[in-house]
Each structure stands twice: as C-alpha cells, then as structure tokens.
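A.B. asks: Listed below, chain by chain, are the residues.
Number of protein chains: 2
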Amino acid sequence: MKPLTSSKVCTLCNKNEQFFSREYSGEKLCKKCFTQSIESKVRATITRYKMLRFNDHLAVAVSGGKDSLSLLYILAKLNKFRPNTTLTAVTVDEGIEGYRNEALEIAASNCKQLKIPHHIVSFKELYGFSLDEIVQRARSRGETELTACAYCGVLRRKAINAGARQVCASKVATAHTLDDEVQTVLMNIFHGDVMRLAKEKPVTSEVHPLLVQKIKPFCEIPEKESALYAYVKKIDFQDTPCPYASEALRNDIRGMINQMEAKHAGTKFTVFKAIERLRPALEETAKKEKFQTCKECGEPSALDLCKSCELLGHVR
Amino acid sequence: MKPLTSSKVCTLCNKNEQFFSREYSGEKLCKKCFTQSIESKVRATITRYKMLRFNDHLAVAVSGGKDSLSLLYILAKLNKFRPNTTLTAVTVDEGIEGYRNEALEIAASNCKQLKIPHHIVSFKELYGFSLDEIVQRARSRGETELTACAYCGVLRRKAINAGARQVCASKVATAHTLDDEVQTVLMNIFHGDVMRLAKEKPVTSEVHPLLVQKIKPFCEIPEKESALYAYVKKIDFQDTPCPYASEALRNDIRGMINQMEAKHAGTKFTVFKAIERLRPALEETAKKEKFQTCKECGEPSALDLCKSCELLGHVR
Chain D
4 MKPLTSSKVC TLCNKNEQFF SREYSGEKLC KKCFTQSIES KVRATITRYK
54 MLRFNDHLAV AVSGGKDSLS LLYILAKLNK FRPNTTLTAV TVDEGIEGYR
104 NEALEIAASN CKQLKIPHHI VSFKELYGFS LDEIVQRARS RGETELTACA
154 YCGVLRRKAI NAGARQVCAS KVATAHTLDD EVQTVLMNIF HGDVMRLAKE
204 KPVTSEVHPL LVQKIKPFCE IPEKESALYA YVKKIDFQDT PCPYASEALR
254 NDIRGMINQM EAKHAGTKFT VFKAIERLRP ALEETAKKEK FQTCKECGEP
304 SALDLCKSCE LLGHVR
Chain V
4 MKPLTSSKVC TLCNKNEQFF SREYSGEKLC KKCFTQSIES KVRATITRYK
54 MLRFNDHLAV AVSGGKDSLS LLYILAKLNK FRPNTTLTAV TVDEGIEGYR
104 NEALEIAASN CKQLKIPHHI VSFKELYGFS LDEIVQRARS RGETELTACA
154 YCGVLRRKAI NAGARQVCAS KVATAHTLDD EVQTVLMNIF HGDVMRLAKE
204 KPVTSEVHPL LVQKIKPFCE IPEKESALYA YVKKIDFQDT PCPYASEALR
254 NDIRGMINQM EAKHAGTKFT VFKAIERLRP ALEETAKKEK FQTCKECGEP
304 SALDLCKSCE LLGHVR
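Sequence lines, in order, name chains D and V. Last residue of the first sequence: 319 in this note's numbering, with the numbers rising by one and none dropped. Last residue of the second sequence: 319 in this note's numbering, with the numbers rising by one and none dropped.
Treat the hints as calculated values from the structure; they're not laboratory data. Keep in mind that this is a model prediction, so the values were computed, not measured. Every residue gets a Cβ at the ideal spot worked out from N, C-alpha and C, and that includes glycine. There could be a bad hint or two in this list.
Simulated coverage check for chain D against chain V, where a stretch passes if three residues somewhere in it have a Cβ under 8 Å from a Cβ of chain V [as the list claims (entries may be wrong)]:
(1) 196 to 206
(2) 264 to 270
(3) 276 to 285
Make the full structure from the sequences, and use the hints.
C.D. replies: So, in structure tokens, the structure goes:
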C-alpha cells in the first residue's frame, strides 16, 4: 500500500485518510477522529450546560430519523461511564399512514440493539385522533389556515412530555441540532416572537412540576455532522421525509442560513453564541410565565386553555 | 377619456389611477396618495419616537443619494408646520475621485432649491487624508484585511457628528431606511454582536456632550418606497454606485431579506418591531458604555484610542 501524502492525512491523528473537511475549524478528519470529535463535543455540551446530574433517568425522544438515533447512540456510549444515569427511548406515534410505522420499527430495532427500553406514546391514545384523522377532519371542516405541521408541532411537544412522564424520567433529551436552534432563532425574529428566544435554550428552566425538563445535547452539532455520524456508524435510520413536511418559512430560512454558512464558515456557531449572550438580558425582562392548569386536560398552560386543546377543538 | 375601471383605481382616494402596489398592506395607491402616505408615515415616526422638540436645530446628513434627498425634501416640507425647527444639510466629502464631486453638486443644488443652508465637511480637512489616499496608503502598506467601506464607515460616522457640531445642530437626522435597519440587525446577529442591537435605534441615547443625538425618521420607510418617492417627486439624485461599494455580508443579507419579503410580505416590519420589543431588555443589561476621551483626537471613545484614530494609524 502506498503511504498517504501528507495533504491527504487526518489533521488530528496524522495517520488515517481524510474523510471530512470541517470548514469552520479548518480540520480535515478521518472517520475515527470525526466520530470521536462528535462524541466528545456532545460530552462537552452536556458538561458546559450542566445537562445531567449523576442519577438522572433520561428519556430520549427518538423519532427514528438520523439525528435522534445518532443522539441515542452517543448517549448510550457516554452512559457506560455514567452507571447511575439510566436511559429510556420515547417515540411519539403521530399516526401517519405509510410513514410512521417504518420509523417505529427502526427506532425499536435500534433500542433493542443498544439494550435501551423503548416506550411509545401515540396521538390516538393521548388525544383520541391520529394526525391523519386530525388533518382530514380539519380539512373537511374548512380549516385551511393551519398546516399539518402546525398541529403536529404543538401536539408532539406535549406528547413527548407526556411520554417522559409516563416512564418517570427526570429529564428528556431531544436531538435538536445547531441548525434547528439557529433556524428557530431566525424564525422567531422573522415572526416577531423575540421573547421566545428566552425560552428556547439548551436546558429549559424548570417552571412547572408537570413539565419534564428538556435538554438538547446536540445544540452545538451541525445537522450535517449528525447525519454523517449516523452514516459512519452505519446506524439504520429512516430517511424518507414526512409526507406532510411543509414548513415553508423554516425551509426558506434553512436555505438562507446554509448559503451564509457556505460563504462565511462558522456563521451558525456565531448566531448560536450571539443568542446565548443575549438570552440572560431577555430572561430577566421576560415576564415570568405564570402557568395555569388547562381547563380541558389539566396540563400546565400559559392560558386558560392549552394550545393543544385549542387545536383539538378544531377537529373534535 | 374613458373612466378607470374600479380595479385600476387608487384604493385610498378612489379616483386616480393606481401606480404602486404596497404588498404588505394591500393598498394600491396613485402617485399623489403614495407620496402623501410617505410624508405622513415620516411625520408619525417622528412623533412616535419623540424625535424632535419644537426648537431643534436639525442637521440632515445628505449624501446626494435618493434616500437622503427624499428625507431632506420631506423634512423641509414638514418643517413648514414647525417654524421653530431649523434645518441645515451636512454633506461629508470623503474624497472619492470621479464620484463624490457629482454628489456634492447634486446635494448643493437641492439645498439651494429648498433654501436650506448646506455645510460640507471633508475627510481631507478632518483627518488629513481623502478616502482615496487612505485606501492607497493602506494598500501600499500591505493592509489588505480592511475594505474601503470599513475605513469609510467609521470615519464618515465621526465626520457626520463633527459636521453637525460645526453647525451647532442639536440633533442630526440620517436617512437610514427600514431596509438598512433590518439589514443591520441581521448583520449584528450574524457577526455575533448582539449588544449592538441595544445601541442602533431610531433615536440614539444622549451619552456624551460631544455626540450629537442621531434620529432616523426613515426607519419605518422601506428603501424601495424612499426611492419611489424621489422618482415621483422628480428629485435629482446621484444614482451611480460608489466605486468602492463592497460590503459582501450586507449584500448577502439584503438579498436574503428581500427574498423573504417577496415571499412573506411584511417581514421587514416584523423584524423591526421584534427588535423594538427586544431592545429594552438589552438596554437594561448592556453595560452603560463608559466614554473616555480619545488620547489622539480628544473625541468621545469607548476605548483609550477611538476607532477612527486606530484606523488612521494604519495610514499615517
């Protein structure tokens, strides 16, 4: 075998062949150093934001896509060094014919392989309707303003919390990546909803006993690298997109941020860090949200009726 | 003459022919209603932000381009109802061969027509070098990192303040449009410089006796409408772009915001309003900037040496 020329050698181990060029840092990594760097970045994020205590029971929201399975894989790996932390995977079955079943099977098989308990929580069971039924009923009643994603976003968030509570988790981890976080920041700005910036953070504040604290261990991992991790580790994930996927504004913003990142490497981190610096100012001023109890479902809610029950009101 | 069909008639006066379709409001205006709407929007902005007191002597920064001449024109018009407010136009002569002289002549002839005193303040006189000389000297010394715009932006800001002080103005108005403001917000976010959001506002805080308070009466006028105003009013303005124009990041951001606006009309206003809501939180937390006196020029500065003198240090 011919020796590698130095220009093709991993800049970290100086041994293996380059596989990934990390533009924002200048590193050119081999597969092994790349996956190790992702794992150690996640560990550093968990430490920096004090995401875990030594005896947490962590629910991991697993959709069956690349990000959530990479996260589950990495948390399982890191967990070997945290014998007092336990993991349970929680998957939300929204009820999307021809799409969700495949994801559920993939999620289950990964959990089995990793020896992690797997809990499924379904829209049908929680709300009485699957997402398909909700969309059909809304359409048949002439509700055209809201997309399927608008219903799903609200209801899935509540379902993840319900699932985490059902398994008695002390925290729940979601696989929001750096890209998700930066897109959400700009969406909030473009929607004019800036006080939301105070709430969307790597570790949510504990504001109500019925809300399980959420952590985002991938908040400093670019989506591209999370996908690449799944690919290198040969993780079996679902890669068909959701048939309802229709978040027009988010798609525009994703394109725009990716263009900026391509021209000015590191933009995503810069925005993320900027918002981190800005957040304490917002948190101080943002009125402490006073939680009430939703009169319909008894869950914590900023208003008399929670957003989920308001949306379900359209289709009941 | 055939009567206009109702679909072609101005939605405000219901009489004249449509000329401009304002996507974000749904109005379709004739020329007269359009220009009146701009004038009354500017008056409303001035009132809302308490930009003027009854006896202000207002310096208007006039570059000779469409925005600053539209602003001068409108302020002159509004001023007929404010007999105690006086206006002086201030033009900065950066010293750009083959570009700035035309703009100076255009600015002077508009001022003459509007019977407004015109004061010119030049880089050469203030700093000892024209912008052309600064750029040449920087290049010949191998300073390649900073663009002409980077020098010009800092030095022009200081020159406008110096010019306003020379004419003993109590305030200085600049023609920053809604587009400029929104671009600056996103640039600050993409640069990670969020605390700057607290400072860039429609009326600057009075932080130092040597800094003339700045107001931005066009902060709620889209750039397109400011240009259209100049066109309808047949204002003679310079429309050749500056030969140095090279703000790569701002150009990218401008394109991106314009795309968003085209798809989601009203985006620019939404961002502007969002930042307005966010600003009080930032202002409270942002450390009160302690101004010192620049050891070189004696002007107020956040640091020992002001940014202008630091830049001039490259070429002296």
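A.B. asks: Would you check chain V against the region 276 to 285 of chain D, counting CB to CB pairs closer than 8 Å, and say if three or more residues qualify?
C.D. replies: holds (count 8)
A.B. asks: Within the region 264 to 270 of chain D, is the number of residues with a Cβ closer than 8 Å to a Cβ of chain V three or more?
C.D. replies: Holds, because 3 residues of the region 264 to 270 of chain D bring their Cβ atoms closer than 8 Å to Cβ atoms of chain V.
A.B. asks: When I compare C-beta atoms, does the region 196 to 206 of chain D have three or more residues closer than 8 Å to chain V?
C.D. replies: Result for this restraint: holds, n = 4.
In summary, this structure violates none of the numbered hints.
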